[in-house]
Amino acid sequence: MLAVRRGKKVEFSPEVLEQAQQIIRRYPEGQQKSALIPLLHLAQEQFGGYLSVEAMDYIAELLHLKPIEVYEVATFYSMFHLKPVGRYVLEVCHTGPCEIKGAEWLIQTLKKKLGIQEGETTADGLFTLRRVECLAACGYAPMLQCGERYYEFLDTEEKVDALLEQLRQNAIT
Amino acid sequence: MIRITIDDIETQVEEGTTILNAARKIGGKIVPPALCYYSSLKGSGGKCRACLVKVEQASARDPRPMPKLVASCCTPAQDGMVVRNITSPEVLEARRGVVELLLINHPLDCPICDQAGECDLQNFAYEHGLEKTRYEFPRRTFDPIDIGPHIQLHMTRCILCYRCTLVADQLSNDRVHGILWRGEVSEISTYIQKAIDHEFSGNMIDVCPVGALTDKHFRFRNRVWFLIPMDAHRNCAKCCGKVVLWLRGKEIYRVTARKDEYGEVHEFICNECRWEHYNLNDWVVEGPRAFQPWSVINANKYHANTKELPHTLYSKLDNERWNEFEGVN
Amino acid sequence: MRRLLLLEKAHIEEIDRYDIYRREGGYTSVEKALKSMSPQEVVEEVKKSGLRGRGGAGFPTGLKWSFLDKKSGRPRYLVCNADESEPGTFKDRYLMEKLPHLLIEGLIVSSYALEANRAFIYVRGEFKWIIKILERAIEEARTAGWLGKNILGSGFDLDIVVHPGAGAYICGEETALLESLEGKRGLPRVKPPFPAVVGLYGMPTVVNNVETLAAVPWIVLNGGDAYASIGIGKSTGTKLISACGNIKKPGVYEVELGLSVEEFLYSDEWCGGMEGEYGLKAIVPGGSSVPILPAHLALKTASGQPRLLSYESMADGGFETGSMLGSGGFIVYDEAQCIVRNTYNFARFYHHESCGQCSPCREGTGWLERLLHKIEEGHGTLHDIDLLWDVQKKIEGNTICPLGDAAAWPVASALRHFRQEFEAHVHQPQQCLFRRRASFVFANASVEIA
Numbered sequence: 001m002l003a004v005r006r007g008k009k010v011e012f013s014p015e016v017l018e019q020a021q022q023i024i025r026r027y028p029e030g031q032q033k034s035a036l037i038p039l040l041h042l043a044q045e046q047f048g049g050y051l052s053v054e055a056m057d058y059i060a061e062l063l064h065l066k067p068i069e070v071y072e073v074a075t076f077y078s079m080f081h082l083k084p085v086g087r088y089v090l091e092v093c094h095t096g097p098c099e100i101k102g103a104e105w106l107i108q109t110l111k112k113k114l115g116i117q118e119g120e121t122t123a124d125g126l127f128t129l130r131r132v133e134c135l136a137a138c139g140y141a142p143m144l145q146c147g148e149r150y151y152e153f154l155d156t157e158e159k160v161d162a163l164l165e166q167l168r169q170n171a172i173t
Numbered sequence: 174m175i176r177i178t179i180d181d182i183e184t185q186v187e188e189g190t191t192i193l194n195a196a197r198k199i200g201g202k203i204v205p206p207a208l209c210y211y212s213s214l215k216g217s218g219g220k221c222r223a224c225l226v227k228v229e230q231a232s233a234r235d236p237r238p239m240p241k242l243v244a245s246c247c248t249p250a251q252d253g254m255v256v257r258n259i260t261s262p263e264v265l266e267a268r269r270g271v272v273e274l275l276l277i278n279h280p281l282d283c284p285i286c287d288q289a290g291e292c293d294l295q296n297f298a299y300e301h302g303l304e305k306t307r308y309e310f311p312r313r314t315f316d317p318i319d320i321g322p323h324i325q326l327h328m329t330r331c332i333l334c335y336r337c338t339l340v341a342d343q344l345s346n347d348r349v350h351g352i353l354w355r356g357e358v359s360e361i362s363t364y365i366q367k368a369i370d371h372e373f374s375g376n377m378i379d380v381c382p383v384g385a386l387t388d389k390h391f392r393f394r395n396r397v398w399f400l401i402p403m404d405a406h407r408n409c410a411k412c413c414g415k416v417v418l419w420l421r422g423k424e425i426y427r428v429t430a431r432k433d434e435y436g437e438v439h440e441f442i443c444n445e446c447r448w449e450h451y452n453l454n455d456w457v458v459e460g461p462r463a464f465q466p467w468s469v470i471n472a473n474k475y476h477a478n479t480k481e482l483p484h485t486l487y488s489k490l491d492n493e494r495w496n497e498f499e500g501v502n
Numbered sequence: 503m504r505r506l507l508l509l510e511k512a513h514i515e516e517i518d519r520y521d522i523y524r525r526e527g528g529y530t531s532v533e534k535a536l537k538s539m540s541p542q543e544v545v546e547e548v549k550k551s552g553l554r555g556r557g558g559a560g561f562p563t564g565l566k567w568s569f570l571d572k573k574s575g576r577p578r579y580l581v582c583n584a585d586e587s588e589p590g591t592f593k594d595r596y597l598m599e600k601l602p603h604l605l606i607e608g609l610i611v612s613s614y615a616l617e618a619n620r621a622f623i624y625v626r627g628e629f630k631w632i633i634k635i636l637e638r639a640i641e642e643a644r645t646a647g648w649l650g651k652n653i654l655g656s657g658f659d660l661d662i663v664v665h666p667g668a669g670a671y672i673c674g675e676e677t678a679l680l681e682s683l684e685g686k687r688g689l690p691r692v693k694p695p696f697p698a699v700v701g702l703y704g705m706p707t708v709v710n711n712v713e714t715l716a717a718v719p720w721i722v723l724n725g726g727d728a729y730a731s732i733g734i735g736k737s738t739g740t741k742l743i744s745a746c747g748n749i750k751k752p753g754v755y756e757v758e759l760g761l762s763v764e765e766f767l768y769s770d771e772w773c774g775g776m777e778g779e780y781g782l783k784a785i786v787p788g789g790s791s792v793p794i795l796p797a798h799l800a801l802k803t804a805s806g807q808p809r810l811l812s813y814e815s816m817a818d819g820g821f822e823t824g825s826m827l828g829s830g831g832f833i834v835y836d837e838a839q840c841i842v843r844n845t846y847n848f849a850r851f852y853h854h855e856s857c858g859q860c861s862p863c864r865e866g867t868g869w870l871e872r873l874l875h876k877i878e879e880g881h882g883t884l885h886d887i888d889l890l891w892d893v894q895k896k897i898e899g900n901t902i903c904p905l906g907d908a909a910a911w912p913v914a915s916a917l918r919h920f921r922q923e924f925e926a927h928v929h930q931p932q933q934c935l936f937r938r939r940a941s942f943v944f945a946n947a948s949v950e951i952a
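Chains as they are written, first to last, in our numbering: chain D, 1 to 173; chain B, 174 to 502; chain X, 503 to 952.
Same shape as in the complex, but just chain D:
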């Protein structure tokens, strides 16, 4: 499947651009390509939680790379979303140690409570549900990642409800 370039250009604000330049300067002279992954993280954060073709083209321009070099990297790593996602992406770990402590239960519970399937986003645009592989929280399972945080020991409906409620509150404020 091919992606579509919509032709709407995007760019960082001056402050964020300065942050980007700082990241680029961390790497030795001539090795600015090293900044690609950090800048893609920054772009994803700045441009609505996912990487559009325009966002990737913009990063390519910043780093003087061919656009294809950026697409190659962005499609390789599982943290980069190439399609629009909800405000909160709930990423449930379902690898071995989490599974034996109830990862499948957590996923089914979230599906029921949110009324969506895996990979889908709720109608209000708040939540996207995904399953991911090991997040290095094996002793604190079942767990999920949302944004910058891990939410661990989610083994009762009450805890799941409390988490969803908290995120909904955060969205309002």
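Keep in mind that the hints were calculated from the coordinates and are not lab data.
The reader is advised that the hints may include incorrect statements.
Said to hold, decoys possible - With the Cβ distance kept under 8 Å, some of the chain X side facing chain B (calculated, not the full set):
1. Ala-838
2. Gly-858
3. Gly-868
4. Leu-889
5. Asn-900
6. Phe-936
Stated by the list, open to error - Just so you have them, the derived chain D footprint on chain X, three or more residues with Cβ under 8 Å:
7. 619–633
8. 746–757
C-beta atoms are modelled at their ideal positions from N, C-alpha and C, and glycine is treated no differently.
Given the coordinates of chain D, work out where chains B and X should sit on it, guided by the hints.
Chains B and X alone, transformed into the frame defined by chain D:
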């Protein structure tokens, strides 16, 4: 110069030569197959694992064997190295595994594939493969994509050798296609709809070991083994102008660069030579192609210049094991 | 007896802040090394200590350091592998959260030993809060004069950069990590050349695990011999074990190498025994890649010796009856767990994480997953079990990097030790205890093939 022994045959090569190239120097049956390595493309090799060999003795100085089979295309020969290729059942077994794994997602559509008759995977599978598949799950599929006016991409046939991306890197400064995604679902793509249209893009077809990249001007027009390959040249401002014309009577069916016995092109040609001169008068014809790579099909076609079919390499292996799987549907 | 070299100060409140860490004796190894030792002397101490790579391979660290090409005079790099992603392993995360300055201290001393003026910490991208902790700690250390130009007037310069990954298990493989750090796809490189000669940006590079580097300050302060006197045989020092699964007290524990598995599992000081009514069925002792051990082989070796948490004891019996200490990801399974299900789960993981560069791994990991899924769901045949064995053999040893082996070993060991369970899944899948207990989940869940 250093000494290296491959399948009990000793030869001398320059330091830094890979095992594969040392074997090519000896020639014949002991040359490991290579689906991704391509001597004129920098950075190629190591990926397909078809050329795995056993190193029985790492060097004269360190006579220990190497613990694992190594990719002969990217392992440098050492002085006093002893290598086993077709004399090692372990190597043949591994190769049998590689071909089986390469084929599980391959469409096996040779009867309608233009590459048949000059396909590295077809030859490799003929020599090393099983007669039937043990894979019963749905195969990975992709729709064919036109990448520009000249080339069609059949991703289903691709074995991800990376050669075409290296051609684009090496012969142009604007690569627009690459390997996207990860693992089993990796694919050659431009990500966005875009033609691959640099002056030397046609060489991607020549370096493709399988029928993933095919010449749209030649598609379905003829089988390669019905055509007569003739060396020819013309004065070209952009490239060497040295090509092979594939003729039936006086009609040029296609133009390709010249491949050596390992299927490698050393002098790439431009798209003009390849696609804009279908008139025989444009060319100085030198004579029949002196050299034909061996293939399953042309082995019976071009008597004079082809190599004999290898003996069945597996006669010594235990074939009964493979028959155990007869019951698998 | 419990001896802590790494986590000794982990309980101290706000030890992640520079002032507290310094007050508790932090950074003294830097003073000692830079003021009174030559780089070569530091390397020698680490060699003497017998410290082995804590990321999984267990390669002697001092030896790895001595391979670094210093003669050519090209810039050298030290890269810290903090891409912790091996299922069952969550120790580096704990160390970085609690003691970021210990890692930085280790990086400074190690960079000095390697005469490297730039070090990178490659942190898995999901650890966003850890990246912030590390960046703050680096800033604090720089302000206090432990980083930058001419540190302590020694003439040694060092800068540390924290680099985020973006979700790829393969980037824990050192050459894939370097590719990723260069801003490319995380494809392992063909070796040789090794990173010690051609590493980051083509320059000589050493890649070490977080825990390995964190062990260096203690060695510098107390001497290699002192470190070597801790532990057992060639397994010197202490190791972080991250324990998880069906145990009472999952978590990260520092153990002196040589502690018996039995004591670690059942003592209240550590795991506290099994969590519920069921007894021990199996242990994966070193992260998902290492062979699984059935209960009797987990507690005792085939020759009847107690199984110890050490590189040698874990490997005792080879792959027939032994396993590996690996990264110290200690996963415990009780009798109600299904080995077929677990093997399928791991196979799915490796399939998902295969980079796709070389053919046996790219194609084979998917085949393993599908076969295991078929058997796990109760549609398998006895032929499928034989085929499974055959497919994993086709992958093992034939790939560019160890991910192929890591995908094959769990399958091979599960078949070796639990074949009857696979056969039971063919004949009577409905009897599987795990499926019965989890029926409320599986009844309406279609477990998708990625």
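Interface hint outcome for Asn-900/X [beta carbon to chain B under 8 Å]: Asn-900/X check passes; min Cβ-Cβ to chain B is 5 Å, inside 8 Å.
Outcome, coverage of the region 619–633 of chain X by chain D - at least 3 residues whose beta-carbon is closer than 8 Å to one in that chain: With 7 residues in contact (Cβ-Cβ under 8 Å with chain D), the coverage given for the region 619–633 of chain X holds.
Residue hint Ala-838/X, partner chain B, criterion CB-CB below 8 Å: violated (30 Å)
Supplied contact hint for Phe-936/X, tested at 8 Å Cβ to chain B: violated (24 Å)
Chain B contact restraint for Gly-868/X - C-beta distance below 8 Å: holds (5 Å)
Cβ contact check, 8 Å cutoff: the region 746–757 of chain X against chain D, three residues minimum: holds (count 6)
Minimum beta-carbon distance criterion (8 Å), Leu-889/X to chain B: With a minimum Cβ separation of about 6 Å from chain B (threshold 8 Å), the hint on Leu-889/X holds.
Interface restraint verdict for Gly-858/X against chain B (beta-carbon cut-off 8 Å): Since chain B brings a Cβ to about 4 Å from Gly-858/X, closer than 8 Å, the hint holds.
In summary, the numbered hints that this structure violates are 1, 6.
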